[in-house]
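*Asks:* Given chain A, put chain B in place with the hints provided.
Letter by letter, the chains look like this.
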Amino acid sequence: SQQGEEDPQALSIQEGENATMNCSYKTSINNLQWYRQNSGRGLVHLILIRSNEREKHSGRLRVTLDTSKKSSSLLITASRAADTASYFCATDATNAGKSTFGDGTTLTVKP
Amino acid sequence: GAVVSQHPSRVICKSGTSVKIECRSLDFQATTMFWYRQFPKQSLMLMATSNEGSKATYEQGVEKDKFLINHASLTLSTLTVTSAHPEDSSFYICSARDARHEQYFGPGTRLTVT
Numbered sequence: 001s002q003q004g005e006e007d008p009q010a011l012s013i014q015e016g017e018n019a020t021m022n023c024s025y026k027t028s029i030n031n032l033q034w035y036r037q038n039s040g041r042g043l044v045h046l047i048l049i050r051s052n053e054r055e056k057h058s059g060r061l062r063v064t065l066d067t068s069k070k071s072s073s074l075l076i077t078a079s080r081a082a083d084t085a086s087y088f089c090a091t092d093a094t095n096a097g098k099s100t101f102g103d104g105t106t107l108t109v110k111p
Numbered sequence: 001g002a003v004v005s006q007h008p009s010r011v012i013c014k015s016g017t018s019v020k021i022e023c024r025s026l027d028f029q030a031t032t033m034f035w036y037r038q039f040p041k042q043s044l045m046l047m048a049t050s051n052e053g054s055k056a057t058y059e060q061g062v063e064k065d066k067f068l069i070n071h072a073s074l075t076l077s078t079l080t081v082t083s084a085h086p087e088d089s090s091f092y093i094c095s096a097r098d099a100r101h102e103q104y105f106g107p108g109t110r111l112t113v114t
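Residue numbers (this note's numbering), protein chains in the order written: chain A, 1 to 111; chain B, 1 to 114.
There could be a bad hint or two in this list.
[To be verified] Chain B regions said to be covered by chain A (calculated; three or more residues, Cβ under 8 Å):
id	region
1	33-44
2	98-104
[Claimed, not checked] No more than 30 Å apart at the CA atoms, straight line, and that leaves these computed lysine-lysine pairs for DSS-like:
id	chain 1	residue 1	chain 2	residue 2
3	A	Lys-70	A	Lys-56
4	B	Lys-64	B	Lys-41
5	B	Lys-41	A	Lys-69
6	B	Lys-41	A	Lys-70
7	A	Lys-98	A	Lys-56
8	B	Lys-20	A	Lys-98
9	B	Lys-55	B	Lys-66
10	B	Lys-14	B	Lys-41
11	B	Lys-41	A	Lys-98
12	B	Lys-55	B	Lys-14
13	A	Lys-98	B	Lys-64
14	A	Lys-110	A	Lys-26
15	B	Lys-66	B	Lys-20
16	B	Lys-20	A	Lys-26
17	A	Lys-26	B	Lys-55
18	A	Lys-56	B	Lys-41
19	A	Lys-98	A	Lys-26
20	A	Lys-98	B	Lys-55
21	A	Lys-69	A	Lys-26
22	A	Lys-110	B	Lys-41
23	A	Lys-98	A	Lys-69
24	A	Lys-26	A	Lys-56
25	B	Lys-41	A	Lys-26
26	B	Lys-66	A	Lys-98
[Stated by the list, open to error] Pairwise CB distance ranges, derived in the manner of DEER restraints:
id	chain 1	residue 1	chain 2	residue 2	range
27	B	Ser-83	A	Ala-81	39 to 45 Å
28	B	Gln-42	A	Arg-54	26 to 32 Å
29	B	Ala-2	A	Leu-61	37 to 43 Å
30	A	Lys-26	B	Arg-100	22 to 28 Å
31	B	Ser-83	A	Glu-17	19 to 25 Å
Honestly, the hints are just simulated from the structure, not real lab data.
Heads up, the beta-carbon is just placed ideally off N, CA and C, and yes, glycines get one too.
For reference, chain A alone in the conformation it holds in the complex (with noise of 0.2 Å):
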């Protein structure tokens, strides 16, 4: 079964704005990682952020991490059209050695 679970499962916003996409998982973690994944294509690795970061940046990414809430969120800001992607958070739960994927939040940018 799916650790994890993103909302919102759509997201629709005007190019310029931000996105804010959240996910929650169940059990104790190594590290929680973001994808994005343009239709039909592979994935691209975002940001892997380990359970004893609280927050990270990569350019216009911004993710943090709230083990006690188990939970995450990915930020995007001055989104662009071509950001419009699905985007998956990956979960490395502690002492299960795999990685679970949440449903995915599906990102439109309008331009």
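*Replies:* What follows is chain B alone, placed relative to chain A:
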């Protein structure tokens, strides 16, 4: 960053035939590789964990006799879909875990069974 390749990227086969998909870690050794399947507009579902030198561990509901996994070396895992049927048509993605326990994904293989 580490690179994982998959071959082929696309394959079309006839119902009843078998298809082999290769997953290679190009610049690191991976004692553990993972195989995922993704149906259209859905998330990635873990099928199995492939361990070098030992049998794969399959997730519940995944038929091990239908999806044969062989982790022949520290850089290669293969997934063979045996006696493929149209319902096996999907996007198959592998990943490899490095010594720091970070996972890197391949580009995926789109399988179409006619």
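*Asks:* Determine whether the Cβ-Cβ distance between Lys-26 of chain A and Arg-100 of chain B falls within the hinted range of 22 to 28 Å.
*Replies:* holds, 24 Å
*Asks:* Checking one constraint from the list: CA of Lys-55 of chain B to CA of Lys-66 of chain B, max 30 Å. Satisfied?
*Replies:* holds, 14 Å
*Asks:* Assess, step by step, whether the Cα of Lys-64 of chain B is no farther than 30 Å from the Cα of Lys-41 of chain B, and give holds or violated.
*Replies:* holds, 25 Å
*Asks:* Against the 30 Å threshold, does the CA-CA distance of Lys-41 of chain B and Lys-98 of chain A hold or violate the hint?
*Replies:* Holds. Lys-41 of chain B to Lys-98 of chain A sits at ~23 Å (cutoff 30 Å).
*Asks:* Holds or violated: Lys-41 of chain B with Lys-26 of chain A, Cα cutoff 30 Å?
*Replies:* holds, 23 Å
*Asks:* Would the hint linking Lys-20 of chain B and Lys-26 of chain A be met if the CA-CA limit is 30 Å?
*Replies:* violated, 35 Å
*Asks:* Check whether the Cα positions of Lys-41 of chain B and Lys-70 of chain A lie no farther apart than 30 Å.
*Replies:* holds, 25 Å
*Asks:* Between Ala-2 of chain B and Leu-61 of chain A, is the Cβ distance one that fits in 37 to 43 Å?
*Replies:* violated, 20 Å
*Asks:* Do the alpha carbons of Lys-70 of chain A and Lys-56 of chain A lie within 30 Å of each other, as the hint requires?
*Replies:* holds, 16 Å
*Asks:* Is the gap between the beta carbons of Ser-83 of chain B and Ala-81 of chain A within 39 to 45 Å?
*Replies:* holds, 43 Å
*Asks:* Three or more residues of the region 33-44 of chain B near chain A by CB distance under 8 Å?
*Replies:* holds (count 5)
*Asks:* Given a hinted range of 26 to 32 Å, is it respected by the beta-carbon distance of Gln-42 of chain B and Arg-54 of chain A?
*Replies:* Given about 31 Å between the Cβ atoms, the range holds.
In summary, the numbered hints that this structure violates are 14, 16, 29 and 31.
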